[in-house]
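A.B. asks: Letter by letter, the chains look like this.
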Amino acid sequence: MEVQRRKPNMSLTKVPMPHQDPIERASNFNEVALGYTAEMAMEEARRCLQCKHRPCVNGCPVHVKIPEFVHLVAEGEFAAAYDKILETNCLPAVCGRVCPQENQCEEVCVRGIKGEPVGIGRLERFVADWYMKNVRKPIEKLPSNGHKVAIIGGGPAGLTCAGDLAALGYEVTIFEAFQKAGGVLVYGIPEFRLPKAIVAAEVDSLIKRGVKVETNMVIGRVLSIDELITDYNFEAIFLGTGAGLPVFLKIPGIGLPGVYSANEYLTRTNLMKAYDQRYDTPIRISRSVAVIGGGNVAMDAARTALRLGAEKVYIVYRRSEADMPARLEEVHHAKEEGIEILDYTDIDAIESADEREVSSILVHKMRPGEPDKSGRPRPIPIPDSQFSLEADTVILAIGTSPNPLIRHTTEGLDFDKRGCLIADKVSGATSRKGIFAGGDAVTGAATVIEAMGAGKKAAAAIHEFIVSGQRAEVPEE
Amino acid sequence: MYKILTKRELNDAVTMMEVEAPLIAAKAKAGQFIIFRVDEYGERIPLTVAGTDTERGAVMIIFQKVGKGTQRLGALEVGDAILDFVGPLGHPSELEGYEHACVVGGGVGCAIAYPSAKALHAQGTEVTVIAGFRNKDIVILEDEFAAIADELHITTDDGSYGTKGFVTDKLKELIAQREAEGRPPFDLVVAIGPVVMMKFVAKLTAEYGIKTLVSLNPIMVDGTGMCGGCRVTVNNEIKFACVDGPEFDGHQVDFDELILRNNMYRDQESKGKPHYCRIGLTAARDEEE
Ligand SMILES: Cc1cc2nc3c(=O)[nH]c(=O)nc-3n(C[C@H](O)[C@H](O)[C@H](O)COP(=O)(O)OP(=O)(O)OC[C@H]3O[C@@H](n4cnc5c(N)ncnc54)[C@H](O)[C@@H]3O)c2cc1C
Ligand SMILES: Cc1cc2nc3c(=O)[nH]c(=O)nc-3n(C[C@H](O)[C@H](O)[C@H](O)COP(=O)(O)OP(=O)(O)OC[C@H]3O[C@@H](n4cnc5c(N)ncnc54)[C@H](O)[C@@H]3O)c2cc1C
Ligand code: SF4
Ligand code: FES
Numbered sequence: 444m445e446v447q448r449r450k451p452n453m454s455l456t457k458v459p460m461p462h463q464d465p466i467e468r469a470s471n472f473n474e475v476a477l478g479y480t481a482e483m484a485m486e487e488a489r490r491c492l493q494c495k496h497r498p499c500v501n502g503c504p505v506h507v508k509i510p511e512f513v514h515l516v517a518e519g520e521f522a523a524a525y526d527k528i529l530e531t532n533c534l535p536a537v538c539g540r541v542c543p544q545e546n547q548c549e550e551v552c553v554r555g556i557k558g559e560p561v562g563i564g565r566l567e568r569f570v571a572d573w574y575m576k577n578v579r580k581p582i583e584k585l586p587s588n589g590h591k592v593a594i595i596g597g598g599p600a601g602l603t604c605a606g607d608l609a610a611l612g613y614e615v616t617i618f619e620a621f622q623k624a625g626g627v628l629v630y631g632i633p634e635f636r637l638p639k640a641i642v643a644a645e646v647d648s649l650i651k652r653g654v655k656v657e658t659n660m661v662i663g664r665v666l667s668i669d670e671l672i673t674d675y676n677f678e679a680i681f682l683g684t685g686a687g688l689p690v691f692l693k694i695p696g697i698g699l700p701g702v703y704s705a706n707e708y709l710t711r712t713n714l715m716k717a718y719d720q721r722y723d724t725p726i727r728i729s730r731s732v733a734v735i736g737g738g739n740v741a742m743d744a745a746r747t748a749l750r751l752g753a754e755k756v757y758i759v760y761r762r763s764e765a766d767m768p769a770r771l772e773e774v775h776h777a778k779e780e781g782i783e784i785l786d787y788t789d790i791d792a793i794e795s796a797d798e799r800e801v802s803s804i805l806v807h808k809m810r811p812g813e814p815d816k817s818g819r820p821r822p823i824p825i826p827d828s829q830f831s832l833e834a835d836t837v838i839l840a841i842g843t844s845p846n847p848l849i850r851h852t853t854e855g856l857d858f859d860k861r862g863c864l865i866a867d868k869v870s871g872a873t874s875r876k877g878i879f880a881g882g883d884a885v886t887g888a889a890t891v892i893e894a895m896g897a898g899k900k901a902a903a904a905i906h907e908f909i910v911s912g913q914r915a916e917v918p919e920e
Numbered sequence: 010m011y012k013i014l015t016k017r018e019l020n021d022a023v024t025m026m027e028v029e030a031p032l033i034a035a036k037a038k039a040g041q042f043i044i045f046r047v048d049e050y051g052e053r054i055p056l057t058v059a060g061t062d063t064e065r066g067a068v069m070i071i072f073q074k075v076g077k078g079t080q081r082l083g084a085l086e087v088g089d090a091i092l093d094f095v096g097p098l099g100h101p102s103e104l105e106g107y108e109h110a111c112v113v114g115g116g117v118g119c120a121i122a123y124p125s126a127k128a129l130h131a132q133g134t135e136v137t138v139i140a141g142f143r144n145k146d147i148v149i150l151e152d153e154f155a156a157i158a159d160e161l162h163i164t165t166d167d168g169s170y171g172t173k174g175f176v177t178d179k180l181k182e183l184i185a186q187r188e189a190e191g192r193p194p195f196d197l198v199v200a201i202g203p204v205v206m207m208k209f210v211a212k213l214t215a216e217y218g219i220k221t222l223v224s225l226n227p228i229m230v231d232g233t234g235m236c237g238g239c240r241v242t243v244n245n246e247i248k249f250a251c252v253d254g255p256e257f258d259g260h261q262v263d264f265d266e267l268i269l270r271n272n273m274y275r276d277q278e279s280k281g282k283p284h285y286c287r288i289g290l291t292a293a294r295d296e297e298e
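For the record, the sequence lines run as chains P and Z. Heads up: the first sequence is residues 444 to 920, going by this note's numbering. Heads up: the second sequence is residues 10 to 298, going by this note's numbering.
These aren't lab readings, by the way, just hints derived from the structure by calculation. Glycine included, every Cβ here is placed at the ideal spot set by N, Cα and C. Any given hint might turn out to be false.
Partial selection, computed: residues in chain Z whose CB lies under 8 Å from chain P [as the list claims (entries may be wrong)]:
#1 Ala-22
#2 Gly-51
#3 Ile-157
#4 Gln-186
#5 Cys-236
#6 Gly-238
#7 Val-252
As a list, the in silico DSSO-like pairs of lysine-lysine whose alpha-carbon atoms are at most 30 Å apart [stated by the list, open to error]:
#8 Lys-212/Z <-> Lys-623/P
#9 Lys-651/P <-> Lys-12/Z
#10 Lys-220/Z <-> Lys-716/P
#11 Lys-145/Z <-> Lys-623/P
#12 Lys-74/Z <-> Lys-623/P
#13 Lys-655/P <-> Lys-580/P
#14 Lys-693/P <-> Lys-38/Z
#15 Lys-208/Z <-> Lys-716/P
#16 Lys-12/Z <-> Lys-655/P
#17 Lys-77/Z <-> Lys-716/P
#18 Lys-12/Z <-> Lys-623/P
#19 Lys-639/P <-> Lys-77/Z
#20 Lys-639/P <-> Lys-655/P
#21 Lys-248/Z <-> Lys-693/P
#22 Lys-868/P <-> Lys-808/P
#23 Lys-208/Z <-> Lys-623/P
#24 Lys-860/P <-> Lys-248/Z
#25 Lys-212/Z <-> Lys-716/P
#26 Lys-623/P <-> Lys-220/Z
#27 Lys-208/Z <-> Lys-693/P
#28 Lys-591/P <-> Lys-212/Z
#29 Lys-693/P <-> Lys-220/Z
#30 Lys-655/P <-> Lys-74/Z
#31 Lys-38/Z <-> Lys-639/P
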């Protein structure tokens, strides 16, 4: 596309994002970042230099046509900008909010060399929100091509794969274990960061396009993969079952009441709405909370605890704050809201004063050593640095791995040492004919956009597979 | 939605229902459970599959109305529908290879024990059942147990029916009696009921070295292994009851930890849900500062 150049906005900083006031927002579950107005978006879009070599596009896991869509925003052509993003990314309202842009498109943005990069994520979000509010295009169900595909898991990988296949006329059924589709987007990421109405709208539009969503279906228990192939005539299967199994530390006190996995704490709050009086879901009432970990999950758990009424919330992390894998913006927001980060600190034990429930944790300090495999300094314990930290609730956010249910109930699928499915990087093909996989189930805990990208690639591969006249088979005994 | 096909009150607090869920009915085995949610605002609550009828696509559940979730289920009538009904979850009981089993049920635990007793009987195992209740008024499933047990012993705490005493007293007596009469000893005890009961049964059978299975009932959320809320310590290792269990070797379970964990929300649930969050409290806080 030949774009006509107009004078760029040379401000070194992004147009500021309007936010809810930190004190106000620490006591509600409404979205923190309020989004750009049309004027703000157009002004920010004019910061883009329309670089010929397009580094931002290569920084994006699904190669969103960034300079093109940003140019359209600058021109006020928001609907066209939306269509441009949608060519490669079907969940822009989600990605605009939760992608780690600082490690992707914005990391390599030319404007970032001197000053802040273009606010690509904010623009993506603006375009998606504007479109949802202003454009009501009737969604049409395509005529069926007569081929059936089953998607296991309704997270971003599964939803994307389903959407792309439905667009090609496939009869797609999503089987989801929970009561609602959305995966981590509904049970993990909190309302104040990703309003659930956005996820619901995405799922809704899939249903309108003819995708069937079967909730309460734990595949491996109620139906096996092989039964889907033999008894229900699915010609191909996509496994997007995520990495939902929480890791627990092997330290004393881990079984005490008041110790949660972040998954449980967040599921009770997000999916089961413990914060909403109308719901029966109980959750612990805390004064002081220690969250162990430094990723997005830890930030979400900490900020949720604050909103549920805790007076003091610590994040305990064994490396430096700069090494935290969480999105920069989330760390920044957490600190603004009053959450205290204890970095270079590692947990030894969870203690109980009355032998009934948690009252404190025992921690020690660390210092940076030589760089490890991840390139970050390896944390080394400092002798005699142990101290006790008061906490009536402890939330572990130290990682998750894929649920072993599919592994235990399906013959012939290959998994690696960590329990991740082994699948072709490009096609998502697994060791079994007609079974494809992608997202966290393959990579281990990663990102929404990577899961989405994997779902997209698998959809293309499944189409190719079925068009070539093949179908999934159950191996002979 | 999942339709309620039949409903029967077994006593004042315990209800039996059949729910239409053909896929689950076709798959469920003894020892597995379902999770239901009455409506959008309800909790996810686990209940054992007490029986199935594949022809009618029915799953039987027997539950004690102990709190809001089970009371709300109990308030529904035949023809009403439940929003969510997921299963079958957990591992089926592993009952093969035993010849002389004693199934010990306590209170509503009898409902959870019944399918195991039935499965043992069906595979030709000699089945002795000890069913314990607080008093006569709450005895359940007597006819059902009688139909499949080689021997049925009912105990009540107050002696108002059957033998007076706890199930552990009866079990000890039977073990001694079998030895005295030269009958083969029990090679399996299945104990299901209040955690304290399972703890003491396991303590007793450990003395005699009798393999003992218990079915644990920790507080659960998803029932698929993704929250860890149901974790229990078994043989000094963390296990998730919903996927690794719910049945475990009773001699290896840390029952005291389970008792603590099951009381976690007791205050909240007995008083009704309090106001947890600070929504609406900002103004008050501003005044303080
Ligand atoms: C708290 C939290 C915060 C995060 N924040 C961010 C962020 O800010 N930015 C970002 O990019 N990423 C973030 N992530 C990571 C991101 O959410 C995941 O990488 C992404 O959701 C993976 O998508 P997926 O589709 O592979 O799996 P999931 O989203 O995990 O979905 C898998 C789905 O499969 C279902 N399922 C599993 N087993 C079965 C079965 N046997 N039968 C039927 N259904 C089954 C599950 O119930 C689930 O709905 C976060 C993760 C968490 C937990
Ligand atoms: C695998 C499994 C199978 C089960 N099968 C059956 C069954 O077949 N029939 C049956 O009647 N019950 C069964 N239970 C127990 C049942 O799930 C609980 O009684 C139920 O969750 C209580 O929910 P509620 O909302 O009615 O009460 P709540 O208001 O949640 O709680 C009321 C009281 O019960 C306690 N409580 C809450 N959850 C549990 C629990 N899981 N176990 C013990 N006490 C609890 C609370 O601390 C409180 O004191 C089973 C539990 C598990 C984990
Ligand atoms: S790198 Fe930055 S300035 Fe260059 S085209 Fe991409 S967004 Fe625009
Ligand atoms: S109930 Fe969540 S892991 Fe078992």
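A.B. asks: Take the hints in turn and mark each one as holding or not.
C.D. replies: Structure-based check of each hint:
A cut of 8 Å between beta carbons decides the hint on Ala-22/Z: the least distance to chain P is about 19 Å, and the hint is violated. Given the 8 Å rule on beta carbons, the hint for Gly-51/Z holds: about 6 Å separates it from the nearest Cβ of chain P. Interface restraint check for Ile-157/Z: the shortest CB-CB distance to chain P comes to about 26 Å, outside 8 Å, so the restraint is violated. Interface hint at Gln-186/Z: violated, since its Cβ lies 38 Å from the closest Cβ of chain P, which is beyond the 8 Å cut-off.
The beta carbon of Cys-236/Z is positioned within 8 Å of a beta carbon in chain P (closest approach about 4 Å), and the interface hint is therefore held. Because the beta carbon of Gly-238/Z sits about 4 Å from the nearest beta carbon in chain P, less than 8 Å, this interface hint is met. Contact between Val-252/Z and chain P, as hinted, is supported at the beta carbon level, the nearest pair being about 7 Å apart and thus within 8 Å. Between Lys-212/Z and Lys-623/P, the direct Cα distance comes to roughly 43 Å. Violation of the 30 Å bound is thereby established for this hinted pair.
The suggested pairing of Lys-651/P with Lys-12/Z holds, with an alpha-carbon distance near 26 Å, which does not exceed 30 Å. Under the criterion of a C-alpha separation no larger than 30 Å, the hint pairing Lys-220/Z with Lys-716/P is inconsistent with the structure, at around 42 Å. Proximity of Lys-145/Z to Lys-623/P is assessed by CA-CA distance (about 44 Å); at most 30 Å being required, the pair is judged violated. A distance of roughly 27 Å separates the Cα atoms of Lys-74/Z and Lys-623/P; the hinted pair therefore holds under the 30 Å criterion.
Taking the CA atoms of Lys-655/P and Lys-580/P, the gap is about 21 Å. The hint holds against a cut of 30 Å. Distance check on the hinted pair: Lys-693/P and Lys-38/Z sit about 33 Å apart at the alpha-carbon level, beyond 30 Å; violated. A hinted pair counts as satisfied when its Cα atoms are at most 30 Å apart, and Lys-208/Z with Lys-716/P does not qualify at roughly 35 Å. Straight-line distance between C-alpha atoms of Lys-12/Z and Lys-655/P comes to about 21 Å, which keeps the hinted pair within the 30 Å bound.
For the hint linking Lys-77/Z to Lys-716/P, the alpha-carbon distance of about 16 Å falls within 30 Å, and the restraint holds. In summary, the hint linking Lys-12/Z to Lys-623/P is supported, as the alpha carbons are separated by about 20 Å, within the 30 Å threshold. Restraint check: the Cα-Cα separation between Lys-639/P and Lys-77/Z comes to about 26 Å, which is no more than 30 Å; the hinted pair holds. Note on Lys-639/P and Lys-655/P: the hinted pairing holds, with a Cα-Cα distance of about 20 Å set against a maximum of 30 Å.
The hinted pair formed by Lys-248/Z and Lys-693/P meets the criterion: a straight-line CA distance of about 12 Å does not exceed 30 Å. Taking the CA atoms of Lys-868/P and Lys-808/P, the gap is near 40 Å; set against the 30 Å cutoff, the hint is violated. For the suggested pair Lys-208/Z and Lys-623/P, the alpha carbons sit about 37 Å apart, so the restraint of at most 30 Å is broken. A hinted pair counts as satisfied when its Cα atoms are at most 30 Å apart, and Lys-860/P with Lys-248/Z qualifies at roughly 20 Å.
About 40 Å separates the Cα atoms of Lys-212/Z and Lys-716/P, which puts this hinted pair outside 30 Å; it is violated. Restraint check: the Cα-Cα separation between Lys-623/P and Lys-220/Z comes to about 41 Å, which exceeds 30 Å; the hinted pair is violated. The suggested pairing of Lys-208/Z with Lys-693/P holds, with an alpha-carbon distance near 24 Å, which does not exceed 30 Å. In summary, the hint linking Lys-591/P to Lys-212/Z is not supported, as the alpha carbons are separated by about 54 Å, beyond the 30 Å threshold.
Distance hint between Lys-693/P and Lys-220/Z is fulfilled; the C-alpha atoms sit about 28 Å from each other, no more than 30 Å. Note on Lys-655/P and Lys-74/Z: the hinted pairing is violated, with a Cα-Cα distance of about 35 Å set against a maximum of 30 Å. Distance check on the hinted pair: Lys-38/Z and Lys-639/P sit about 36 Å apart at the alpha-carbon level, beyond 30 Å; violated.
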